[in-house]
Structures are given as C-alpha cells and as structure tokens.
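**Q** Residue numbers (the working numbering), protein chains in the order written: chain A, 835 to 1324; chain B, 77 to 518.
These are computed hints drawn from the structure, not numbers from a lab.
Wrong hints could be hidden among the right ones.
Pairwise CB distance ranges, derived in the manner of DEER restraints [unchecked claim]: (1) A/Ala1257 with B/Asp256: 38 to 48 Å; (2) A/Glu1136 with B/Glu192: 55 to 65 Å; (3) B/Phe459 with A/Asn1025: 34 to 44 Å; (4) B/Glu461 with A/Pro874: 36 to 46 Å; (5) B/Ala498 with A/Ser906: 43 to 53 Å; (6) B/Gly200 with A/Leu1157: 28 to 38 Å; (7) B/Leu402 with A/Leu1034: 13 to 23 Å; (8) B/Glu461 with A/Ser906: 30 to 40 Å.
C-beta: ideal position from N, C-alpha, C; glycine also.
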Amino acid sequence: MPLFWLILIVLVIAAVGYMLGRSRALANAGGDSRELHSLPSYYGWNVALKAMVPTFGLLIVWLLAQPLYVNSVISGMIPDSAIDDGSSRGLVMAEVRRAATGLDNAVAQGLMDEDFARNARADFTDVTQRLKDAGQIVTAEVTQTVLRAAQRYRIVNSTGYLIMSIAAIVVALAGTLFALRETRALFRARNVVEFGIHALLVAAASIAILTTVGIVLSLVFNTWEFFRLYPASDFFFGLNWAPSFSGRGGSSDLGVLPLLWGTFYISIVALAVAVPIGLFAAIYLSEYASPRVRSVAKPLLEILAGIPTIVYGLFALLTVGPLLLKVFGDDGLGWMQAGTAVMTAGLVMGIMLIPFVSSLSDDIINAVPQAMRDGSYGLGATQSETIRQVVIPAALPGIVGAILLAASRAIGETMIVVLGAGAAARLSLNPFEAMTTVTAKIVSQLTGDADFASPEALVAFALGMTLFVLTLGLNIIALYIVRKYREQYE
Amino acid sequence: MTDASMDNPTPARSRSLSQTDPNTRRRNAAERRFRAYGMAAILVGLFFLTVLFVSIVRSGLPAFTRTVVTVDFTLTQEQMDAAESELFKTKAYSNLFIASLQEQLQQRGMTVEFDEAAIERLLGKVGGTLRAHYQANPDELSQPVAFELAASSRVDGYFKGRVQRETLQDSRFLQLSDLDLVDALEEAGIIKQAFSWAFITGADSGVDNPGGAGIGASVVGSFFMMLVVLVLSLPIGVAASIYLEEFAPQNRFTDLIEVNISNLAAVPSIVFGILGLAVFIQFMHLPQSAPLVGGLVLSLMTLPTIIISTRASLKAVPPSIRDAALGVGASKMQAVFHHVLPLAAPGILTGTIIGLAQALGETAPLLLIGMVGFVARGYPEGFVEGFTEPNSAMPAQIYTWAARADVSFYEKAWGGIIILLAFLLTMNIIAIILRRRFERRW
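Please model the entire structure based on the sequences and the hints provided.
**A** Now the structure itself:
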C-alpha cells in the first residue's frame, strides 16, 4: 500500500526536520541555549509541524477530491447509448469500478501483464474470463465501453496517486525548508508552535460537528434520492411493507407504518419490563438498601448494561424464544407460532434496559433534598408514604426524562430485534406474533443483494433518517426535562 | 376551643401505644409491601443476570471441547510400499487403520463389527490423512505414532447431547449401528472429549463444516479494528477535551460542539453504520469488510465516550496545579501539557479502555459495512493487509454463526460469546485496577 509508505516518508522528513531545526537554533545561539527565545525543542517542533500539517491536510483533501474528479471524467466517457433501459449511469459506473478492480487483481496475480491490462481491446470474452479467474465477480460480459472506461479509470487513478505522492513529498520538504530558514536564536518558536497546537485542538473538537454533518448529509442525500424514485406519501402513509427482491424495483410496497408499529410495540413491551423493575430497584437502592447491599447490587445490575447487544440477541434467539414457545406455543397455550416474536425481543430488550432506568433514576432520586424527606417524616408519614407522595413526585420530571432516554435506546436497538423479533412486517396487536422494526429492516435492506441505486436499498436511508429524527427528538426532550429538573434543586 | 367541638365531643378512644390500631397495621403492611416490591425488583434483575450467564456458560462451554479418536498406529515400510502400489491408495491406508483399530479393541477384549463406511461416517477420510502424514514425515515409519483424529460433528453432537439415540434416523451421515461402535470406543478409552485449540486459534469454516470453525481470525480482525480506534479516538478525543475544558471561550461555537457531542453519544449505533457505508465505502471507496473501515466507524462512535470521561478527569485536577505552573512562568499550553494532562492520565486511560470495550462488542455498524457474510477463512498476511484486507470481527463472527441454518453453529456462537466476554471482562478489570491504583483524590 503506497499510502502507508508515503505517510512513513513524511514522518521521517518531519523527524529529520525536528533534529535539524533544533541543532540549527542551537548553532545560531552559539551552542548556549540561554541565548534562545524558546526552549530548543520548540524550534524542532516548529519545523516538524510545518512539514507535517500542510502535507497531511493536502493528503486528506486529495483523497477526498480525487474520486469525485475521476468519476466525473469517466462518466463523461460513457455515452447515453451505452446505458441500457432500466439501468442507470450509477450502475454502469459501478460496473466500471468492478472491472477496474478486476484488472488490478489480475495484474497482481500475474494473469495479465500491465500492458495487456491497459491496452486490451481485441478479445472481450478472454478479458472477462481472465477477470473471473482473478476472483473478480463480473456480472455480464464486459462491454467495449465498460472496458475502455475501466482502463481509463485505472490510468487516471494511478496518475492521480503518483502526482499526489510527489506533491505530498514536495510540500513536506518545502515546509521543512521554510521553517529551517526562519529558525534563528530570537525566533519566537514557542508562540508559533503553541498557536499551531491550539489550532489542532480546535480542529479535533470540530470533528464532533463534522461527524454530525456527515451523518445528516449522508442521510439527507440518499433519502432525497429515494424520494425521487419512490413517492414520499407512499413511504410515510403506506400500510404495507413488501420490497421486491428482484432488485429491479417497480413492484415494491415500502410503507414505513408497519415498521414503526413494530418498533413502538417492541419498545413498549421493553419499557413495560424495564420501567417497573428499574424504578423499584432504584427506589430500594437509594432509600432502603444498606451501604453494603448497595455496593454489591448496583454494580451487579450495571453489568447488564455492559454486555454487548449481540449477546442479548443470541439470548433472545436461542434461550428466551424457545422458552416462551414452550409456554405459549402449540404445546402450551397455543398463542405463539415461532420463537421470534414481539414478546421475545421486548422481554430481552427490557432486561437490557433495567440498569439504564435504575442508574438514571437512582441519581435523580438521590438528588431530591433530604429536607423534603425529613419534613414528611416529621408529619408522621411512613417511609413508603414519603417515597410515594413526596420523593417520587419531586423526582418525576427526571424519571420521565430517564424513561424517555431508555425509550430512545429501545427504538435504536438493532441486534436484539434482528435476531429475536422476526422478519415479517405486519400491523397486528398480538404480542406473540413476529414483527419487525425500522432498525432490522435497515440491516436487511442494506446487507441484501439489492443494487445501491434501487429504491429497495435506498429506502434504508429514509428509514435511517426516520430513526435519527425520532431518537434525536426523544433525546433532546429528555435532556431538556432532566436539565430543567436539576436546576430546580440546585 | 370552638363551640363545634363542644357540641360534638368525640369519644376518646382507649388507645395504648403497645396496641396497634387497624389503621396503623394497614399502613405498616403497606410499608412492608412496598419494601418487598423493591427487593423483588432487585432480585428479578439479578435473576435475569444469573439466567443470562448460566445459559451462556452452559451452551458455550461445549464449543471448547471436541471429540477425538486417539489411535496408536504403526506403519512399516513394506506396508507403505504395498499401499502405494494399489489403485485406491487411500483405501489401502484406511484398511490398515481399521485393522489396527480392531486389534486395539480386541486387546481390550471387545468385539464390535464395523466396516470402512462406518469409519468414514465417524472420522471422515482417514486414509488420506494417514497418507499425507507419512508422506510428509517418512522418518516416522515403523514407529508407533499416536494419531488424534477429530470425529465428525454428528458424533460430536452425540457426545454433547445434541444427537439422541432415540430420535436418530439412519442417514448417510450417521447410522444407529455407528453409535454402538462409538459407545464401544468410548468404553475402550479410544474416543473421548478433548480441549479444542482449533476453536480458539482457527479461522471460520464454510457453512457445511461446523466442526472446523474457529474464532481466531476474527479475534485478529477485532484487534486491528481496536488498533485503529485507539490510534484515532484517543488523540482526537483528548485534544478535543483539552480544548473544550481548558481553552474554549464561552461562545456559540463552543456551545455547538457541546451539543453535538452530547447528541452523538445518544445516536443509535446503526446510524453510524449508515454513515460508514455512505461516506467511507460509497463516497471514499475504501474496501468493504476491512477492519480499517470498521475501526473508522467505531472511532467516531467511541469519541463521545472518551471525550466525556477525559473532560471529567481534566475537571478533577484542581486549579491550584494550573496556577502554580503559571506562577513559575509556564505558558498556558505548558501548564496543561506538562502538569494537568499527566495528572489526568489515569482517568483518561480508564475512560479509553471502557470506550474500547464498548467498541469491541458493537455489532450493528459492522453489519452495514459488510463484515457479515464475509467468511474469514484465514489470518491476514501482514500488518498492512490486516487493516485493508476483508476480515471478520468477533461480534460479526458470532452473528454470522447465529444466522446460519445448521444448529451446530449455535454452540460456536455461544463459545464466541464466552471469548468476547472474557476480553471485555479483562479490559474492565484493567480499567478498575488502573483507577484503584493511580486515581488521586485531591
């Protein structure tokens, strides 16, 4: 991988620059570091930073921009006539990229020499066969246009990377030389370096914003694309979820309502398990339990929160599902057809959420001032009366916030529902039937064979958008309530 | 006193403190009930925890053992020459093996009838294994060699209770008479359960071979992913926290960052998977299923956790440390990097380990970037390939096994969970020890 070596080379240049800068400054001061404005190492860092920061900036920008540029060049090469009906430019471009990777692999395995990969235009079946030999899945026979485009794609790309490598090394050397030139005994190296570090700190903090922007953009663009192919009203108000699996589209029903219903139903079951248990556990731990019991029981309960969700998923699929089936299935009460059901997923998700509810409520109950309890005891109330009529009402906003946070976790939970809830989307009230959720369908639509440009795959982004907006809304409301409540007693 | 009370004198109840009246009894009972509810809630929570762990251990432990047949076998040069000269060479070897096995059974005074087909159902193609062994090690000819051969997954299932004698139907994989042979071999001590290193070190096998599947390759995949997470999210997270905690002015930009971080901490993990798919794979064309991409996505997910814990430990360093450093002439930057940061390091490290543990168990984003469905058949070839070549990761591997139709893979999935939890437990224990050992209370 040339990029790896390129990064190493730049790092070596920076390290050499550090040594040179340091010794140059010392030499300029006649070997007496007291004559310097800053400590000697700052002169070194000045050089190293000026070698590294512009270079890595350039590399990142280049790596982001080159695919865009190459794509626009190559897709300009493909005439509209080369795009079949029912296909799209994106599909053809994907084919081109596959063919180009195939050529790369074939060259790497010695099935083709570089020259053949660049110039082959005679025998297409031969090329296809060689690509297949190289382990590259080629959907159909490679057409003339695709092959030409793929060859061009490889050439443009490799030239791009070559120029990038040269540019990066040149920039690194130029930065080093520039910094070395300004290195003198009275150069204010520390101020410059500290300014640079400050800028890096700001950049690191901005990554959080960039991530959010990335999430929103990737969701919005693909959702927009989806709504161009599929009417938004059918998505939001459709009562039927039945994607066609042919990948050609056209006959799919992609209504979100059955998925939302499944999501809410499972979350409600989960909260019905988690809220009473979590709340009573929190009350017991904060009001009744002795410090010893508390120090044992609280961490033990919190273990439940640290277990990965895949474990809960497997627990639902292989332990809880069969157990419920034994009780409610055909051998028992006859309500349940299969192990995967709303009840299975909801129950297990409830177990997962217990520590979530209990820890948050525990903190909130502890924040209720002792004076309120003392006042209640003074009037002759028992402890449970105090809790029910004084502490809980006082803590209620916070508890509601905690429950909303737990609900947002439940809505966004994926692995438990993928493994435990089943795959059929239906609008039903029976909790022993299999239903499916927004998250489970995001997974199944994006891990299937459907093409990326088809509505069947793009719908996952619209579902992701729905999920993002839902959980974000719940979180904002919950945090607002919790914060509001905290201010009340501080 | 008012007139009203004069007119309606309430009859003084004869009350004694030692005698509780019905009302008090009712209230006390309510008190006890309420308390019992709380206790019950805790017990139910702990009960779930116990059930979870018992089912993990009970279903997962069999994955660590496999059924092997140990046979002492001696092959002379003449026997080898004779076998090599035949048309079906492996058949000749397997006949020799059967003869030797029969002899060993007879030495122990047992006679069971079995043929070559039965041996093949039990142990697979024995002849080929023997032939390959002796061709690779010709110097072991004429010496007794103890062969340890793995039994087929159905025989394995018979030992682990998955295959029952009563419900077994004769098939080309296993017949009822084979079980008699297995019982006899077990009595003779030839077939037994042994610890399976292959599960811990091996790579995933295809859909049709549950016996050979191991988790080793995906542990390596997870390791490379965690390396990416550590290298990216630790420096970026620490830098971001230092800025927010020590340098950031109170303004709109700072508020925006704060809001973003607290929201990112609550975004469902699957959304990060969508981000990874759209940005890293669709847009930047990074390789699918590569630990590099998984690591990038998990880094973005871990950042808020690390930032939150780092800020807490920076906040815990008292301002007097900063003031003292500034007082002897250090710059603000020097005060932070030379004094505050080292003092906050144990807390930062603890937070990082806990963040890594979270990232290690995360599955949903990995599904979307193609880590599932890829069968990790081997270890990566080198360090750089470890990042860029497709591989699996532990949770993704567990999901893959759980999603396969063959029931024998479930056992592997539970076994994988034990390994995953062992890693998580170790990381958390290290974090706790670090906190106990180095945390300073000011």
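**Q** Against this structure, judge whether each hint is valid.
**A** Each hint, compared with the structure:
Separation of alanine 1257 of chain A from aspartate 256 of chain B is about 43 Å and conforms to the stated range, judged on CB atoms against 38 to 48 Å. Judged by the Cβ atoms, the range 55 to 65 Å given for glutamate 1136 of chain A and glutamate 192 of chain B holds: they are separated by roughly 58 Å. Checked against the hint of 34 to 44 Å, the C-beta distance between phenylalanine 459 of chain B and asparagine 1025 of chain A comes to roughly 39 Å, which is consistent with it. Taking the beta carbon of each, glutamate 461 of chain B and proline 874 of chain A are about 41 Å apart, inside 36 to 46 Å as hinted.
Between alanine 498 of chain B and serine 906 of chain A the C-beta distance comes to about 50 Å, which sits within the given range of 43 to 53 Å. Separated by about 36 Å at the C-beta atoms, glycine 200 of chain B and leucine 1157 of chain A satisfy the suggested range of 28 to 38 Å. As the Cβ distance of leucine 402 of chain B to leucine 1034 of chain A is approximately 22 Å, the hint placing it in 13 to 23 Å holds. Against the hinted window of 30 to 40 Å, the Cβ-Cβ separation of glutamate 461 of chain B and serine 906 of chain A comes to about 31 Å, which satisfies the hint.
Hint violations for this structure: none, all hints satisfied.
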